[in-house]
Amino acid sequence: MRITQGTFSYLPDFTDEEITAQINYALSNDWPLSVEFTDDPHPRNTYWEMWGLPMFDLKDPAGVLLEVNACRKANPNAYVKLNAYDASLGRQTTALSFIVQRPADEPGFHVNRTEVRGRAIQYTTHSYATERPVGDRYGQG
Amino acid sequence: MSTGTAFGFTPGSVSGPQLEADPSGEPEVEYLPADTVVDLAALRAESGIDEVLAKLDEELVGLAPVKTRIAEIAALLLVDRTRAKFGITAPQPTLHMSFTGNPGTGKTTVAMRMADLLHRLGYLRRGHLVAVTRDDLVGEYVGHTAPKTKEVIKRAMGGVLFIDEAYYLYKVENERDYGGESIEILLQVMENNRDDLVVILAGYQDRMDTFFAANPGMQSRVAHHVTFPDYTVPELEQIGVLMTKDIGYTFSDEAHDVLKRYLERRVGQPWFANARSVRNAVERARLRQAKRLLETGDAKVDLKALTTIEAADLLASRVFDSAPDEVLTAEEYTVRG
Chain Z
1 MRITQGTFSY
11 LPDFTDEEIT
21 AQINYALSND
31 WPLSVEFTDD
41 PHPRNTYWEM
51 WGLPMFDLKD
61 PAGVLLEVNA
71 CRKANPNAYV
81 KLNAYDASLG
91 RQTTALSFIV
101 QRPADEPGFH
111 VNRTEVRGRA
121 IQYTTHSYAT
131 ERPVGDRYGQ
141 G
Chain E
1 MSTGTAFGFT
11 PGSVSGPQLE
21 ADPSGEPEVE
31 YLPADTVVDL
41 AALRAESGID
51 EVLAKLDEEL
61 VGLAPVKTRI
71 AEIAALLLVD
81 RTRAKFGITA
91 PQPTLHMSFT
101 GNPGTGKTTV
111 AMRMADLLHR
121 LGYLRRGHLV
131 AVTRDDLVGE
141 YVGHTAPKTK
151 EVIKRAMGGV
161 LFIDEAYYLY
171 KVENERDYGG
181 ESIEILLQVM
191 ENNRDDLVVI
201 LAGYQDRMDT
211 FFAANPGMQS
221 RVAHHVTFPD
231 YTVPELEQIG
241 VLMTKDIGYT
251 FSDEAHDVLK
261 RYLERRVGQP
271 WFANARSVRN
281 AVERARLRQA
291 KRLLETGDAK
301 VDLKALTTIE
311 AADLLASRVF
321 DSAPDEVLTA
331 EEYTVRG
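Chains Z and E, in that order, give the protein sequences. According to the UniProt record's numbering, the first sequence holds residues 1 to 141 in order. According to the UniProt record's numbering, the second sequence holds residues 1 to 337 in order.
So that you can see chain Z by itself, here it is in the shape it has in the complex:
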């Protein structure tokens, strides 16, 4: 199951060229970018691992792409996303966030139905990938 999240969740995955164009757009708005990665695809997993610090004062997308590629190389079987942060007063939030790498094989989710009092049903999504230990979830990294 192809996981989608973030700004361009409805689009097919970006090529590096398209990613560069998005980085360019973020930089032209003075939004610093940061790279994050994870191998826990649960939608409620908001805390991904940071790949280095957010990159401030960059002028050119090449610097960001360098880090994206470094992160891809170090974690070939993980999700990698790019965040752009808008620090302007009144917004101060993530302005742009999209996935730039995903594992080749995404096993998807299983829905757990728990019957509780009054035969009501509680649902839990469970990722098949998390059945294996961290770092071993999508084949050898």
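By construction, these hints were calculated from the structure, which means they are not laboratory data. Heads up, some of the hints might be wrong.
Straight-line distance between alpha carbons at most 27 angstroms, and here's what the computed DSS-like set of lysine-lysine pairs gives [unchecked claim]:
#, chain 1, residue 1, chain 2, residue 2
1, E, K245, E, K260
2, E, K67, E, K55
3, E, K150, E, K171
4, E, K148, Z, K73
5, E, K67, E, K260
6, Z, K73, Z, K59
7, E, K150, Z, K73
8, Z, K59, E, K55
9, E, K304, E, K260
10, E, K171, E, K148
11, E, K245, E, K300
12, Z, K59, E, K245
13, E, K245, E, K304
14, E, K245, E, K55
15, E, K148, Z, K59
Fit chain E to the given chain Z structure using the hints.
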């Protein structure tokens, strides 16, 4: 809604990951046939190279070897672009440079210009300049240097990374110094990210020679070793005039003659730092001019008086204290202050 698609989104024929760009959508690039004759002069006029070079010539005095090198680079970039039209692609030429020369010969000034120039010639994407020294590149403890250097390199991408006093990066006497690590990372980036940034190293001739001798890898990766010559007296004079013009002053005719005599004497004296010495002389003349204006009997001045540096302002300099053929030793020079 008039159209049938929600959010104006039309799903493509392919779904799922598409990490490779779909080639069908891109227009086929058409190369010129091999027997086409291209008018280089027209291309040259179109690219605006001449204006850039003319401006450089006008604003920077002297520096013939530097200007020649810049003109060569500009020509190469133009020819490369023309070759690309025929479908011959060569990798981007290496433009890492080393600027060596005595103090005040304009190394930093030219580096600043270089970023803008290479941007206009279409070599650099952004054309900003990141000026750093050893402090910004080398860390304080083990493991600190690499992230620090990489950070600087990322900031410089798309522009010029200018490393002033580059010889400080390598300290011969201390083999545990972290400078070596920084140099290693720099070398790697200079080789792999050639299209992303241009590295310019600057420093005094003798020390840079030692630096390159100790880092042969650096020596060979820097394609352009440009030596900045010392300025001649007429050039210095021209620089002085340009400088005063920039800050809204002019020399009176006598002052102009005095400036020339001043420079002739100053050149032979210790700690002569070319254009920097001229700037300092101009600054001191400004101080004396201001004092002179306040001390004159009637305190009424017009615009001309406010903007003119008179001969007296320059003649008060200690350079004129000694006899014309007497050259002060460094020690005397300090004592006289």
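Now the hints, each set against the structure:
For the proposed pair K245 of chain E and K260 of chain E, the alpha carbon gap of about 16 angstroms is at most 27 angstroms, so the pair holds. Under the criterion of a C-alpha separation no larger than 27 angstroms, the hint pairing K67 of chain E with K55 of chain E is consistent with the structure, at around 11 angstroms. Restraint check: the Cα-Cα separation between K150 of chain E and K171 of chain E comes to about 20 angstroms, which is no more than 27 angstroms; the hinted pair holds. As the CA atoms of K148 of chain E and K73 of chain Z are separated by approximately 21 angstroms, the hinted pair is consistent with the 27 angstroms bound.
A threshold of 27 angstroms between alpha carbons decides the hint, and for K67 of chain E with K260 of chain E the separation of about 25 angstroms falls inside it, so the pair holds. Restraint check for K73 of chain Z and K59 of chain Z: satisfied, since their Cα atoms lie roughly 24 angstroms apart, inside the 27 angstroms limit. Only pairs whose Cα atoms come within 27 angstroms are accepted, and K150 of chain E paired with K73 of chain Z is accepted, the gap being roughly 17 angstroms. Between the alpha carbons of K59 of chain Z and K55 of chain E the distance comes to roughly 26 angstroms, so the proposed pair stays at or under 27 angstroms and holds.
Under the criterion of a C-alpha separation no larger than 27 angstroms, the hint pairing K304 of chain E with K260 of chain E is consistent with the structure, at around 22 angstroms. For the hint pairing K171 of chain E with K148 of chain E, the CA-to-CA distance comes to about 18 angstroms; that is within 27 angstroms, so the pair holds. Taking the CA atoms of K245 of chain E and K300 of chain E, the gap is near 23 angstroms; set against the 27 angstroms cutoff, the hint holds. Taken as a hint, the K59 of chain Z and K245 of chain E pair is broken in the structure, with Cα atoms around 34 angstroms apart against an allowance of 27 angstroms.
Between K245 of chain E and K304 of chain E the CA atoms are separated by roughly 13 angstroms; this keeps the pair inside 27 angstroms, and the hint holds. Taking the CA atoms of K245 of chain E and K55 of chain E, the gap is near 17 angstroms; set against the 27 angstroms cutoff, the hint holds. Distance check on the hinted pair: K148 of chain E and K59 of chain Z sit about 17 angstroms apart at the alpha-carbon level, within 27 angstroms; holds.
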